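Position chain B against the provided structure of chain A, taking the given hints into account.
Number of protein chains: 2
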Amino acid sequence: MKLSLTSPSKIVLLVIDGLGGLPRPETGKTELESAKKTNLNQIAKESICGLIDTVSPGITPGSTPGHLAIFGYDPIKYDIGRGIVEALGIDLDLKPNDIAARGNFCTIDNKGIITDRRAGRISTEKNAELCQLLNKEVAVAGARIVTTTVKEHRFALTLHGKGLSPELTNSDPQQAGVAPQKIEALSSQAQLTAGIVNEFISQAHKCLKSESPANMVLLRGFSQHPNIPTMSKIYRLKPAAIAIYPMYRGLARLIGMQILPPGSNITTQIESLHRYYEDYDFFFIHFKATDSRGEDGNFEAKVQAIEEVDNALPNLLALNPDVLIITGDHSTPATLAGHSWHPVPFMLKSRWCFPDKVKMFSERDCLEGGLGRFPATEVMSLAMANALKLNKFGA
Amino acid sequence: MKLSLTSPSKIVLLVIDGLGGLPRPETGKTELESAKKTNLNQIAKESICGLIDTVSPGITPGSTPGHLAIFGYDPIKYDIGRGIVEALGIDLDLKPNDIAARGNFCTIDNKGIITDRRAGRISTEKNAELCQLLNKEVAVAGARIVTTTVKEHRFALTLHGKGLSPELTNSDPQQAGVAPQKIEALSSQAQLTAGIVNEFISQAHKCLKSESPANMVLLRGFSQHPNIPTMSKIYRLKPAAIAIYPMYRGLARLIGMQILPPGSNITTQIESLHRYYEDYDFFFIHFKATDSRGEDGNFEAKVQAIEEVDNALPNLLALNPDVLIITGDHSTPATLAGHSWHPVPFMLKSRWCFPDKVKMFSERDCLEGGLGRFPATEVMSLAMANALKLNKFGA
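Chain order of the listed sequences is A and B. So the number in this note's numbering is just where the residue sits in the first sequence, counting from 1, plus 6. So the number in this note's numbering is just where the residue sits in the second sequence, counting from 1, plus 6.
Hints listed in this document are in silico derivations from the structure and should not be mistaken for laboratory results. This one's a predicted model, so the numbers in the text were calculated from it and none came from an experiment. A few of these clues could be false.
No copy is singled out in the list; a pair is fine if it fits within one copy or between any two copies.
[Claimed, not checked] Keeping only pairs whose Cα atoms sit at most 16 Å apart, straight-line, the calculated EDC-like set for lysine to aspartate or glutamate is:
id	residue 1	residue 2
1	K8	D85
2	K363	E374
3	K365	E39
4	K215	E135
5	K35	E52
6	K244	E284
7	K215	E143
8	K398	D59
Just chain A, with the same shape it has in the complex (with noise of 0.2 Å):
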């Protein structure tokens, strides 16, 4: 935006991950209206509120599209493939022409069919000498390839050489029940590619056999680094994230985010951002529980992961940011057991924000809120202006 002004003023937004929900049929209340919070509801009586579509209406975002959008970029345009955040996400050093893709270690059986996508979350420990195994073992012509432990199942694959494309498809089916699927060339220039992965899964196959209970690889989101101008250039922000999910991790440094030390939780990540709040201007926390209780179905750890954050938030509120925002990147509602496309609480409280009526924050109330629903994309133009970051448009 060639509107943005650089100043001290200080914006901090918190993702809570997520964070939208349906009703539970026995009480009729949502997670968020089930949930004892009475400092986000105290925040939402100061605050501007309303509904987030964080990439449209109907559509149910993935993680990265919903934080993109949130960070204004749109997330149709910016397609960030899962194979470069994940790897970004444990730091991978990638160059342009290097190929990432996100990788599961799967259990599968002895006709080759899938059992388990995660191999019962195998600890990170065992993942890491997997990796090692496969580094050591495993060489295939045309492509230096190289596993990186990420978390438990997840790894990353990343391919260096000439020549290579990242147009291919996946070859994890994304459900158990049926075999690996053979990676396709999406594109003539990727034929090369795909046969060079295709034997590289061949040889982990053969290299796992004997392992238990992850026994083979599954691969998907092939991707390659992205040319996406970063938060500093549009904004002249200088940016920090406080995330401890790899995940968010990447994604944030992929936008130019300096990645601050989070801890282990939600109160240490708000501590580190005591720590480190003089030296940037806008500060992205990531809190992750609720869409992982969401998504496990867990509608009681859900409503208690929100209180996690409730407590931990008198916290944040004692450096009074100029501009605070509480939202979420998509809705994870217990009831569906997974992301949804119900758009998202949002609440923006400072000095400026003219608050409305609104004195709970639930998906019911919000809806009543002065910003009323709207897409994502305008959440860091509403930040900036009530930081007043940004200059009039026109004479």
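Chain B only, in chain A's frame:
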């Protein structure tokens, strides 16, 4: 709009400049909520209400884009230079290749540092004297350069000649405490013009040296007549403007409005509306004081300005226009003492408007209006529809 048709019905659009505000901390009420405004409230009861974003949520509009959007022009597509608006506002007849800039007479100290960008708002008479001096004494090879008095410290600079380009930076740094900037060419075709303008500034500096308090010029907004379709062409309307301030007259002329004599205040503007009511079918009435008092940070005076409009309304209502729209081009909260990004109250009264539940004309009440929050570029479609000046779309 291909659907437009000409009919005898009348549309009156009253733009209360900088209308929207923010709550004053002492009372929790905005300027509109604090004003005694029986007529505005009565109109709200009979209207469909809403809130408009003139440029985009979070973006603070200048006066030109704010008005263009209400007239139905995409303000990002039609980014009109300040120079051209200023020149048209004083009836200068510009040819397509002429260049115009907005000029300020200012005060600089003996080190060349700007001490007052407006030279204490010198009188219009003094301004005329200085323009005469410059037009007589300054002569630059390559272009005929004319300065024309606008008001107080403001003048229009016009360049007439061959091969000129408006792609120039400003000399006006828009702040005191620094020196005027050298004009730079933004493209290779503008090199010649940059040289001409810098030579003009240098000669003007010498010429004004012994004057006081205005001893220098500042220039900004170099621009040419834009290629913009008229309202008659788009809407098949015969539009007229009743505006006192030159800039708004310039803007209205730019899109093909006839300029009617406004007198000196909102009462005489409405008298002019009566006088010319039969001759046109669209009237734009512009009221400035709300914006000026908001920019002064004078909450009480802005409240009084709103009351001044309210008092003048019965004579407007006496005409019973087929469509009456009352809104603003942007918000100018007195607490912020400047334009802001907050959406602007809007109401439309007509036989066919389907009034909503709104009983008061204010930011908070309009949020609950039947139009919700919507882009100002939709205002003209609503005006035309309610005036029954639009054909059906499609079979």
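Taking the hints in turn, this is what the structure says about them:
1. For the identical chains of this complex, K8 and D85 are inter-copy neighbours only, at 14 Å across copies versus 24 Å inside a copy, given an alpha-carbon limit of 16 Å.
2. Taking the shortest alpha-carbon separations for K363 and E374, both the intra-copy value of 8 Å and the inter-copy value of 11 Å come in at or below 16 Å.
3. Taking the shortest Cα distances, K365 and E39 sit within 16 Å of each other inside one copy (12 Å), while across copies they are farther apart (21 Å).
4. When the C-alpha separation of K215 and E135 is checked against a cutoff of 16 Å, the pair qualifies only within one copy, where the shortest distance is 15 Å, while the shortest distance between copies is 81 Å.
5. Only between protomers do K35 and E52 lie at most 16 Å apart by alpha-carbon distance; the minimum there is 15 Å, versus 23 Å within a single protomer.
6. For the homomeric pair K244 and E284, the shortest alpha-carbon distance inside one copy (11 Å) is at most 16 Å, but the shortest distance between copies (58 Å) is not.
7. In this assembly of identical chains, K215 and E143 lie within 16 Å of each other by CA distance solely inside one copy; the values are 13 Å within and 83 Å between copies.
8. In the homo-oligomer, the alpha carbons of K398 and D59 lie at most 16 Å apart only across protomers (14 Å), although the nearest pairing inside one protomer, at 26 Å, exceeds that limit.
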